[in-house]
Each structure stands twice: as C-alpha cells, then as structure tokens.
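Undergrad: Sequence:
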Amino acid sequence: MPPLGKAMPGADAVPVPARAAWYRQPIVWLGVALFVASLAGCVWIIVVASHHPDAPVEHAGRGLFGVPSSAHSSHGPPPAKPQ
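Taking this note's numbering, I'd label the letters of the sequence shown as residues 10 to 92.
For the record, the hints were derived by calculation from the structure and aren't laboratory data. Please note: incorrect hints may appear among the correct ones.
What the hints assert, rightly or not - Each pair of labels, with its calculated beta carbon distance range:
{"#": "1", "residue 1": "Ser-47", "residue 2": "Phe-74", "range": "24 to 34 angstroms"}
{"#": "2", "residue 1": "Arg-33", "residue 2": "Pro-65", "range": "50 to 60 angstroms"}
{"#": "3", "residue 1": "Val-25", "residue 2": "Ala-49", "range": "27 to 37 angstroms"}
In this text, a Cβ means the ideal position worked out from N, Cα and C, and glycines have one as well.
The task is simple: from the sequences and hints, build the whole structure.
TA: As structure tokens, this is what we get:
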C-alpha cells in the first residue's frame, strides 16, 4: 500500500504547471479588482449620502405618484367610487 498523499503508480496524475495556478490568471485578478471597486463605490455612496440631509418632498394631494403618504386609520372597507 502506498503512503498517504502519494499517487498510485497506475493513476493518471497530470502535473499542473506553476503558471496555471489561480493567482497567476489575470481574469481572476480583474474580477477581484472589479468586486473591490464595487464595494468601495457602495461605501463611498453611503458615506456621501450620510453627510447630506434628506429634504422633505413638497406635494399636493393625498399621495405622491399615487402612493399614499400615510397609513389609513380606519379598518373598514374602502369607500365606493361613484360611477
């Protein structure tokens, strides 16, 4: 029985060249750079947004773009629309 960690003589052990390691592939580094840049951009947007106050939106009517600005206080059915 061969020692642990050794390939059996009949096994198809293909040596992997050092240049094929994952850290030597430029596309991996490009992906890592894009990921880090995306995270840095998110953090930057959050930091910049936290320094600027959110101004209230002035609007007329019951809601903005058809969305109510407050919750309904009654639990009954909505009023019927006149036809």
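Undergrad: Could you run down the list of hints and mark each one as holding or not?
TA: Here's how the hints hold up against the structure:
1. The hinted window of 24 to 34 angstroms between Ser-47 and Phe-74 holds, with their beta carbons roughly 30 angstroms apart.
2. Range check, Arg-33 to Pro-65: Cβ separation about 55 angstroms, and the 50 to 60 angstroms hint holds.
3. A hinted range of 27 to 37 angstroms for the beta carbons of Val-25 and Ala-49 is consistent with their spacing of about 34 angstroms.
The structure fails none of the hints (numbered hints given earlier).
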